[in-house]
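In the order they appear, the protein sequences are chains B and V.
As numbered in my numbering, residues 1 to 417 make up the first sequence, in order.
As numbered in my numbering, residues 1 to 168 make up the second sequence, in order.
Don't take each hint at face value.
Dumping the calculated DSSO-like pairs for lysine-lysine here, alpha-carbon to alpha-carbon at most 27 Å [unchecked claim]: (1) V:K118 / B:K201; (2) B:K57 / V:K118; (3) B:K57 / B:K172; (4) V:K140 / B:K401; (5) V:K118 / B:K58; (6) V:K118 / B:K161; (7) V:K94 / B:K58; (8) B:K161 / V:K57.
Treat the hints as calculated values from the structure; they're not laboratory data.
These figures come from a predicted structure and were not determined experimentally.
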Amino acid sequence: MAADRADYLVIGGSAAGMAAAQVIRRQAPSSRVTVLSEEPDMPYFRPMIPYVVTGRKKPEEIGLQGNGPYTAGGIDVRTGSHVDSVDVSRKSVAVKGGGRLSYGRLLLATGSRPYIPPEIQGTDAQGVFALRKLSDAREMARRAGDTNSAVMLGGGLLNLKATFALLERGVKVTLVVQSPEVLSQLMEPGDAGLIRDALDKAGLKIVTGRSAKGIISGKNGVAGVSLDDGSEMACGMVCIGKGVRPNIDFLPGSGITIDKGIVVDKNTACSTPDIFAAGDVAVTFDPVTGKRIMTGLWTNAVEMGRCAGYNMAGKKTAYAGTFGIMNATQVADMPFVSMGIVHTKGSDHEVHVRASGSTYRKVVFSPDGERLVGALFVGDITGAGMYRYVIRGNMNIGRIKPRILDGTLHYGHFLKG
Amino acid sequence: MQEPKEIFVDTSRCTACKTCEIACAVAHSKGGNLYAALMESPAPKRRLYVEWVSPDKHVPVLCRQCEDAPCMHACISGAISRDERSVVVTDTDKCIGCWTCVMVCPFGVIGRHLETHKSYRCDRCPDRETPACVSSCPTKALIYRTAEEFSHGVRRGAASELVSGEGK
Ligand SMILES: Cc1cc2nc3c(=O)[nH]c(=O)nc-3n(C[C@H](O)[C@H](O)[C@H](O)COP(=O)(O)OP(=O)(O)OC[C@H]3O[C@@H](n4cnc5c(N)ncnc54)[C@H](O)[C@@H]3O)c2cc1C
Numbered sequence: 001m002a003a004d005r006a007d008y009l010v011i012g013g014s015a016a017g018m019a020a021a022q023v024i025r026r027q028a029p030s031s032r033v034t035v036l037s038e039e040p041d042m043p044y045f046r047p048m049i050p051y052v053v054t055g056r057k058k059p060e061e062i063g064l065q066g067n068g069p070y071t072a073g074g075i076d077v078r079t080g081s082h083v084d085s086v087d088v089s090r091k092s093v094a095v096k097g098g099g100r101l102s103y104g105r106l107l108l109a110t111g112s113r114p115y116i117p118p119e120i121q122g123t124d125a126q127g128v129f130a131l132r133k134l135s136d137a138r139e140m141a142r143r144a145g146d147t148n149s150a151v152m153l154g155g156g157l158l159n160l161k162a163t164f165a166l167l168e169r170g171v172k173v174t175l176v177v178q179s180p181e182v183l184s185q186l187m188e189p190g191d192a193g194l195i196r197d198a199l200d201k202a203g204l205k206i207v208t209g210r211s212a213k214g215i216i217s218g219k220n221g222v223a224g225v226s227l228d229d230g231s232e233m234a235c236g237m238v239c240i241g242k243g244v245r246p247n248i249d250f251l252p253g254s255g256i257t258i259d260k261g262i263v264v265d266k267n268t269a270c271s272t273p274d275i276f277a278a279g280d281v282a283v284t285f286d287p288v289t290g291k292r293i294m295t296g297l298w299t300n301a302v303e304m305g306r307c308a309g310y311n312m313a314g315k316k317t318a319y320a321g322t323f324g325i326m327n328a329t330q331v332a333d334m335p336f337v338s339m340g341i342v343h344t345k346g347s348d349h350e351v352h353v354r355a356s357g358s359t360y361r362k363v364v365f366s367p368d369g370e371r372l373v374g375a376l377f378v379g380d381i382t383g384a385g386m387y388r389y390v391i392r393g394n395m396n397i398g399r400i401k402p403r404i405l406d407g408t409l410h411y412g413h414f415l416k417g
Numbered sequence: 001m002q003e004p005k006e007i008f009v010d011t012s013r014c015t016a017c018k019t020c021e022i023a024c025a026v027a028h029s030k031g032g033n034l035y036a037a038l039m040e041s042p043a044p045k046r047r048l049y050v051e052w053v054s055p056d057k058h059v060p061v062l063c064r065q066c067e068d069a070p071c072m073h074a075c076i077s078g079a080i081s082r083d084e085r086s087v088v089v090t091d092t093d094k095c096i097g098c099w100t101c102v103m104v105c106p107f108g109v110i111g112r113h114l115e116t117h118k119s120y121r122c123d124r125c126p127d128r129e130t131p132a133c134v135s136s137c138p139t140k141a142l143i144y145r146t147a148e149e150f151s152h153g154v155r156r157g158a159a160s161e162l163v164s165g166e167g168k
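Let the hints inform the model, and build the full structure from the sequences given.
Structure representation (structure tokens):
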């Protein structure tokens, strides 16, 4: 068999991997770009899978290729290809089921997978889900047709998205949250009032301050959940949303530096020459705090992937970093944006809150009050991107501070002269 | 290919009369005239905003069609792309109203259509020779030309000054 070689090899065909491949195709049009992806499906917009659960979208309607900026052709995407190991001295990877592929430059974009807390017993029962892949969504859609109640473990954004998909399918949903309030990663309990009201109105039952001990199963899989207070809840399905962990199982022994995720420099390069990493699997940094962080954000994966693509194709490009928190969405009828530093309890940040019956606005400044470091907008998110721009740029806000406080910032304020 | 035309602003000419805002809303109404637009529900939306900068400057703000549009790359549903006119457009069938584009647009010019739960922005009036805002401006503060014609680099200058750090 002829040696299989790609000039640019990408492991992981999702946000980071495909964004990089697009850039490489355009920068180095005559090169061979190959993407290996474990999933059986061609690359798709992962955040769209809740719409497959509801049935509003068919899997083929959320594909990446040909949509948005994903228009470059000539990328060799091989699905169902799991990489078992990387041999950095031979510059090749081993694919499960046999076969090696050698590379000129390699991108590690293997993303992350749901964290299933080992202390919860019985999570391998049929009907226990953690919504991450298109295949999960298909199965959830099927199960939702056969059951009328679900228990969601975890009150994060992902589980809320899954919750709304199930509510739309007519499933009764109970959300069990260990923290005192939902969305604790994105806001403090005191900031979540409007969202909590919207969730309550949407017909969702929420139990806070409780965690699951185990899954109770019967002959059709999940039959209920037992909680740490000794109580039990009957249900036909369970969805676990307890965060994600990077997919790095194929890397130990390779010599590539790992610190929870894959460590990269400011040009997205790994410790080993010709190897780069981007997306959920990579350790990046927060431009405000300078701290090393890992994110679970599509927006970051794309941006970092694009940056890696430029670097791999020879155009040196620094990555600007990202906030660990940078989410926009709408739950029930309540839009919100949370970005940068928004947890301020016990910190010495300068915090300003303005609330009305239908809006909540929290802006967080550095302790000296001179830089904007975070913002949470609920109800009214107008112009949120400008605030993100100010936070990210570590700008000295001086004369625009009053505009930031009252929410009247506009582009004109950035113009010189 | 001919270089696409763009909308430029001469802030020294803007008197904040807001004729452009009205013309924009009317151009994006179903009826297409002021009277019908006033009666429409949901009310037609303007896609540019005349803003005031202290002490005496006015700036019509609208989508800048960024070269590496952050909204397009951030969109989680693949709804935003660049069309054959080189205009960044949102496919409303694909838009799910997650507002990620609103969160990343450094110009703050992407609006939320509450009734339809879709985002919207300047579409450069695809059915017109000249965008409605430009034709309507009584002081010629809005100019529709190619960047070349307008004088090299003005737009690039403004856009890159602002979006630096937003990817390449
Ligand atoms: C339901 C849902 C909603 C979301 N909503 C949002 C949102 O609104 N905003 C936002 O910013 N983010 C959102 N996210 C998060 C976002 O989807 C992820 O951050 C993003 O997909 C990360 O992209 P990635 O390319 O780094 O990795 P992933 O998308 O995780 O993809 C990695 C790919 O690599 C493959 N792979 C892994 N290991 C191997 C191997 N050894 N060999 C070969 N292939 C391998 C995987 O199978 C996978 O296909 C959401 C996620 C979900 C599940």
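Notebook entry, point to check: Any hints this thing doesn't respect? Which numbers, in order?
Noted result: 4, 8
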